[in-house]
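Chemist: So you can see what is in the structure, the chains are spelled out below.
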Amino acid sequence: MSAPDPAAGLLPPQATYGQLVATVSDRVQRQGPGRAWIIAFALASLMTLMLAGCITLLFVHGIGILGNNTAVVWGFPIANYVWWIGIGNAGTFISAALLLTRQPWRAAINRFAEVMTIFAVAMAGIFPILHLGRPGYAYWLTPYPNSMDLWPQWRSALVWDFASIVAYLVFSLIFWFLGLIPDMATLRDRARTRAGQVIYGVLALGWRGSARHWQLHDRLYRTLAAMALPLVVSVHSVAAMDFAASLMPGWQETIFPPYFVIGALFSGFGMVVLLAALIRQGLGLQAIITHRHFAVMGKVILAGSLGMALSYGTEWFSAWTSGEPAEREHLRFLFTGDYAPLYLAMLCCNLLVPQLLWSGRARASIVMVVAVAVVLNIGMWLERILIIWNTLSHTHLPSMRGVFMPTLWDWLILAGSLGFFAFLMLVFARILPAAAMHDLGKLLYQREQSR
Amino acid sequence: MTAPLLLAEFRDPETLLQAARRAQKAGLRGLDAHTPFPVEGLPDALELPESWLRLPMLLAGLVAAALVFVMCWYSAVVDYPLNLGSRPLNSWQTFLILAFEAGILCAALVGALAFFLGSGLPRLHHPLFAAPGFERASQDRFFLSVADPRADAARLMALLEGIDTLSIQAVPR
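Chain order of the listed sequences is A and B.
Just so we're aligned, residue 1 is where the first sequence starts under my numbering, counting upward by one.
Just so we're aligned, residue 1 is where the second sequence starts under my numbering, counting upward by one.
Okay, chain A solo, but in the shape it has when bound (with noise of 0.2 Å):
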């Protein structure tokens, strides 16, 4: 049989089932952390403690210390919550549909997108809580039995993200989790130490590699995959109708979720992107993480980069074609008002930049696929904090606008969020495989068979 090899330019010419599962896992056994590890390290935990002392302080003093002000009620927190649940849409949604579509260059990124999409949720999950005047009541979005005999407002799209949030979270662990457990009996098994037996040993729950839980784990593993998907879909059109269904100028449209959804996306893939390369270049995987991963990933960037484009379009005629004027004012004030550079910098970010991945010349250099990646990231953080500012800045009511101004610790806070996520990252490198190495297997074998 000489089909073409699923596996190739994903995996080592000469590859053995052994070989891949010690390329992944001698980094976290057997290899110190290296010194770029512990410097990124210092740096990532500084960064953290920071963030801690700026919601100390924002908890202290409350949030007159951000930029928010009487016309931009909305500032950082919200743009931050909805970039950062942005890219955590990314990570489960790229393991679940890679899965089902059978696509071979799923193997080795899965696994830290899964750890990406926890993680990015993590800190999306802080700010609104973040955002609250007074965030010790943030638990009054659950319904709880309480002697004020209130029930949360089901209509409110507030209560829709807290609950969509919370599910996407627990299912992302529980999928996350489920795909881990065949690799912690791997480490288990190869451990040197007490210490790693007992650990990566409980974790591993016992597996061991049975044709039947095989089988179970494989049924359940695709049907979560098959869930996943609506699950994600409706995460970031809940976070959409947070604007959608209002009655401000630019904030009324049906077409925001689907646009977040495909903002997200593209975000999320950027994140992938820089997170992949850091992770081979980190960890050593350029075996494993290679040009054919940077190549496909650069032409998915380029497919929502024209899904954005259709999107603002989109934005825009429905704006001009309503015929209301507050929406055409919303409009030219996009594109003259106090953020126009801003506004066109997001577009030059958002679509023009990953044109350049039309060439595949562009696409077979990771450090151009990378740079894209990381500037149309900018883009989407510029998108979300332009949807709050130009949306309230410029209301029906003359007397009600006015510019928001970012202090310090909008800054610092957003910085603490990225450092806080390094750190998580960081550790992740450290103490748990970064690729599943079963699916690594998994692949090698689809490559035995069509030999």
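These are calculated hints, taken from the structure and not from any lab test.
Here the structure is a predicted model, which is why all the values come from computation and not from measurement.
Glycine residues also receive a C-beta, built at the ideal position from the N, C-alpha and C atoms.
Mixed in with the good hints there might be a few duds.
[Said to hold, decoys possible] Calculated from the model, a selection of chain A residues having no Cβ within reach of chain B, i.e. all distances over 12 Å:
| id | residue |
| --- | --- |
| 1 | Pro13 |
| 2 | Thr101 |
| 3 | Gln252 |
| 4 | Leu285 |
| 5 | Gln286 |
| 6 | Ala345 |
| 7 | Ser393 |
[What the hints assert, rightly or not] Which chain A residues face chain B? A few, computed with CB under 10 Å, are given here:
| id | residue |
| --- | --- |
| 8 | Thr16 |
| 9 | Gln19 |
| 10 | Ala22 |
| 11 | Leu150 |
| 12 | Ala157 |
| 13 | Trp160 |
| 14 | Ala167 |
| 15 | Ile181 |
| 16 | Ala185 |
| 17 | Gly201 |
| 18 | Leu220 |
| 19 | Asp439 |
| 20 | Leu440 |
Fit chain B to the known structure of chain A by using the hints.
Modeler: Just chain B now, with coordinates in the frame of chain A:
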């Protein structure tokens, strides 16, 4: 004491599949395999029963979604009616979002529970772990285990004649 488990070791999934088919055909009972990744065709070769995971997941998801919908309806229409800009009290479209999230979440939780019940995990100790070389079952070796009181190592070896078997051992249990 029950009869020992027989454990045959192979270098690759193809050989394991051959061995599994032959053992199944010979009428050996209590067959199982231990592999580092799910081998396609192995459940068929071992004639494992179809897994029943999806039905409880579906039921759990539907029940959870229905319960959440009823909760929203009850609180918004009966227990705590609130007139918000003359919107209908039973604005069922918005309740569907919460019902959907609850359904997916509950189905996933029940799926995980069913997986653990069906597989008997977590079970940190198993006699197989004492078998020398079994640690490679999670890395690069493929094992067939036979828990049939009528079989012994010699008979299994005769049965696997012509198949590239690395070792056959009896594991006390």
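Chemist: At a threshold of 10 Å, is the proposed contact between Ile181(A) and chain B supported by beta-carbon distances?
Modeler: 8 Å, holds
Chemist: Verify this label for me: Ala345(A) is non-interface relative to chain B, using a Cβ-Cβ cutoff of 12 Å.
Modeler: Per Cβ check, Ala345(A) is outside 12 Å of chain B; nearest 34 Å; holds.
Chemist: Closest CB-CB distance from Gln252(A) to chain B, is it above 12 Å?
Modeler: Gln252(A) clear of chain B: closest Cβ-Cβ about 15 Å, beyond 12 Å.
Chemist: Minimum Cβ distance from Gln19(A) to chain B below 10 Å?
Modeler: 8 Å, holds
Chemist: Holds or violated: is there a CB of chain B closer than 10 Å to the CB of Leu440(A)?
Modeler: For Leu440(A), the interface hint holds, since the closest Cβ of chain B sits about 8 Å away, which is under 10 Å.
Chemist: Tell me if the interface restraint on Ala157(A) is satisfied: Cβ within less than 10 Å of some Cβ in chain B.
Modeler: 9 Å, holds
Chemist: Can we confirm that no CB of chain B comes within 12 Å of the CB of Thr101(A)?
Modeler: 17 Å, holds
Chemist: With 10 Å as the cut and Cβ atoms as the points, is Gly201(A) at the interface with chain B?
Modeler: With Cβ-Cβ at 7 Å, under 10 Å, it holds.
Chemist: A cut-off of 12 Å on Cβ-Cβ distance, and Pro13(A) was said to be off the interface with chain B. Does that hold?
Modeler: 17 Å, holds
Chemist: Under 10 Å, Cβ to Cβ, is where Thr16(A) needs to be relative to chain B, so tell me if that hint holds or is violated.
Modeler: 7 Å, holds
Chemist: Take a quick look at Leu285(A) and tell me if its Cβ sits farther than 12 Å from every Cβ on chain B, holds or violated.
Modeler: Non-interface label stands for Leu285(A): nearest chain B Cβ at 18 Å, farther than 12 Å.
Chemist: Mind checking the CB of Asp439(A) against every CB in chain B and telling me if the closest is under 10 Å?
Modeler: 7 Å, holds
Of the hints listed earlier, there is not a single one the structure fails to meet.
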